[in-house]
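J.: The whole structure should be built from the sequences, with the hints applied where relevant.
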Amino acid sequence: MFAEFVEGPFWYFSLGVFVVGVAWRFITMLRFGTRRDLSVARASAAVGALRTNLSRFLPRREVAGRIRVPVVAGYLFHLGLFALLLFAAPHVEFIKNHITGFGWTPMPHWAFILASEAAFIGLLVLWLHRVLNPVTRLLSRADDHIAAILVFVVMLTGCLALFQSFDGLRVTHLFLAELLLLYFPFSSLMHALMFVPSRGYTGASLGRRGIHA
Amino acid sequence: MSERFEQGMSTLRKQMDARVVSYLSSCVNCGVCAEACLFYTETGDPRYTPIYKVEPLRRLWHGEYTFWGKLASAFGFGSTLTEQDFADWEELVYDGCTMCGRCSMVCPVGIDIAYMIRKVKEGLAAAGYSPDDLKSAAQRAVEIGSPMGVTLATLQATISVQEKECGIPITMDREGADYLCLFSSGEIVGFPEFIGSIARIFKAADVSWTISSDYFEATNTGVQIGNSAVAAQLIERIVSAAEKLKVKYVISPECGHAYTTIRWDAPNIIGRPLPFDVVHILELLDQLRREGRLKTRGSTDMHLTYHDPCNISRRGGVVREPRHLLDMVAPNFEEMSDHGAMNWCCGGGGGVSTIERARDLRTRVFNVKKRQLDEIGVEAVVTACSNCRHTWEDGLEAYGPEEDVVELIGLTELVARYLVEDESRAR
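Going line by line, the protein sequences match chains A and B. The numbering used here applies: residue 6 is where the first sequence begins, and numbers increase by one. The numbering used here applies: residue 3 is where the second sequence begins, and numbers increase by one.
What the hints contain is simulated information worked out from the structure, not anything from laboratory work. Some hints could be false.
Covered by chain A, per the in silico footprint, the following chain B stretches (three or more residues, Cβ under 8 Å) [stated by the list, open to error]:
{"hint": "1", "region": "175–184"}
{"hint": "2", "region": "267–273"}
As a list, the in silico EDC-like pairs of lysine to aspartate or glutamate whose alpha-carbon atoms are at most 20 Å apart [to be verified]:
{"hint": "3", "chain 1": "B", "residue 1": "K16", "chain 2": "A", "residue 2": "D42"}
{"hint": "4", "chain 1": "B", "residue 1": "K72", "chain 2": "A", "residue 2": "D149"}
{"hint": "5", "chain 1": "B", "residue 1": "K72", "chain 2": "A", "residue 2": "D148"}
{"hint": "6", "chain 1": "B", "residue 1": "K372", "chain 2": "A", "residue 2": "D42"}
From the three backbone atoms N, C-alpha and C, an ideal C-beta is built for every residue, glycine too.
T.: Shown next as structure tokens:
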């Protein structure tokens with residue numbers, strides 16, 4: 006019965022909250038508006054927006070040496086997570102059956118092992134850095150920890166479900182993923198989408214000054 | 003809650019815009035911004051983390067505009083801002099930040115933290131939580147026309163001395179001149195040779211220019227303190243002076259924040275485009291160089307470096323021009339390790355050098371510049387901001403007499419030293 010609930014009504018509910026919640030966050034952000042910049046531009050704001058959206062994927066040389074741990078761990082986690090999300094065989098099957106109607110070639114088993122190890126190591130190191138570094142310890146709030154723990158347990162149950170072939174684990178994994186979808190629009194996980202306008206605004210504002218931000 | 007705190011909260015609410023919301027929604031508290039900020043790297047105090055300085059704005063947004071914040075408030079659990087928070091953040095925001103924007107260049111999600119710190123200042127200033135030294139400077143700027151109390155009489159006396167030294171008359175209030183030149187009070191008082199230098203350069207390059215007796219101050223204490231009304235008032239004086247003299251361009255002198263204010267912020271502060279173009283003195287000198295109107299002969303053999311004023315380079319976009327000019331007169335020029343748009347701030351801009359209680363902090367964070375200097379061992383530091391120059395002087399003095407032998411030179415003055423003023427000797 007729980008499995009039917011998780012695979013049925015609760016899936017549609019959590020997906021709906023996710024989609025409507027994310028849309029609401031973007032709409033409310035845009036409704037605040039921005040004032041048109043009345044200064045005479047030196048260069049293109051649009052080019053600046055695009056440039057900054059791409060350039061911030063790599064750390065600047067001048068600070069790279071100081072932030073090696075969060076950068077390496079951050080990339081391990083994010084790349085591993087995206088690989089799992091989009092190319093793990095059960096996910097490809099789920100997306101095909103429940104979202105898109107079509108699938109694609111999933112990654113081989115060895116790649117799944119690699120991706121999941123990278124994601125786990127990255128997330129654990131990031132979380133350790135968060136609690137041990139005095140700066141991140143000062144900045145961090147409950148939201149940061151809840152998001153990390155939620156993602157961790159989703160990943161953990163996912164890997165266990167794949168290896169144990171116990172349907173209860175698969176349902177648990179799906180249930181926790183649906184909780185993550187519910188939490189997403191109301192949390193710092195929104196950075197996964199909001200980084201685009203954030204980088205864009207800065208890139209446009211400084212780019213029109215001729216600054217490669 | 004006091005009326006002035008309510009005023010501060012009301013002003014802080016008005017600072018919200020789509021940019022701020024996108025920034026606050028993207029921040030994952032990664033702490034990378036701290037590693038770009040000299041106030042953190044040189045003190046090790048995590049409270050100087052740039053995004054932490056924005057905390058009053060973040061808490062306002064969280065409490066009044068987010069799901070969890072509004073839910074918590076409905077049940078009486080919200081962590082609302084208090085007047086004590088304003089008091090606590092005053093030192094972090096004013097003493098511990100020059101709005102240099104280095105943090106904005108490194109944030110992985112692209113947050114322009116300096117943009118938001120400027121907004122936090124608006125709220126704190128409206129509530130009365132800004133340093134007394136800045137309040138006094140702002141009052142002098144409004145009442146006298148200069149944050150340092152430099153009067154027209156002082157300027158005229160300085161001009162008179164410079165006219166005698168360079169042998170060139172400097173005409174004030176010349177209607178129809180192409181360029182109106184502003185000055186920072188720091189320049190007039192501390193480095194008046196800048197005025198003589200531009201007089202010589204402009205004569206040699208046949209540039210039509212003038213100074214306004216109505217208003218000549220380049221710096222904007224309204225921006226430094228975070229009071230848009232004062233900022234607008236000071237900008238309008240420049241606009242009136244320029245309109246009265248019917249100039250085409252206004253020159254921003256060797257001052258960092260003055261440039262970003264008049265060039266990039268002014269139209270948005272007063273709500274309309276400026277009726278003139280703005281050019282930084284370095285941009286104009288480089289333009290004259292390209293046009294063949296600025297000629298030099300000879301050069302210095304000093305081993306020197308260039309300190310990029312943050313609001314001219316990183317926030318202003320004027321990075322290549324000073325290097326073109328240095329190429330003309332300084333073949334032994336060596337860059338500091340982090341330079342150009344990613345230079346380290348000197349720690350004195352944005353009003354910090356005006357705040358006496360911040361002197362020790364400012365001296366401590368200057369250590370990053372001292373380290374940069376020690377790495378390359380130069381004889382001189384060239385810069386294009388009088389405030390940076392004062393900060394460098396104080397910093398080098400604080401680190402002992404051996405450090406004091408490094409010469410500090412303004413870039414315009416350096417170029418003028420090798421100026422060809424007679425066409426027959428032109429190269």
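J.: Now, for every hint given, state plainly whether the structure supports it.
T.: Going down the list of hints, with the structure as the test:
For the region 175–184 of chain B, the stated coverage by chain A is not satisfied: 0 residues place a CB nearer than 8 Å to a CB of that chain, which falls below the threshold of 3. Restraint check on the region 267–273 of chain B versus chain A: 5 residues with Cβ-Cβ distances below 8 Å, three needed, restraint holds. A distance of roughly 17 Å separates the Cα atoms of K16/B and D42/A; the hinted pair therefore holds under the 20 Å criterion. Distance hint between K72/B and D149/A is fulfilled; the C-alpha atoms sit about 18 Å from each other, no more than 20 Å.
For the suggested pair K72/B and D148/A, the alpha carbons sit about 15 Å apart, so the restraint of at most 20 Å is met. Between K372/B and D42/A the alpha-carbon distance is near 38 Å, which puts this suggested pair outside the 20 Å criterion.
In this structure, the earlier hints numbered 1 and 6 are contradicted, and the remaining ones agree with it.
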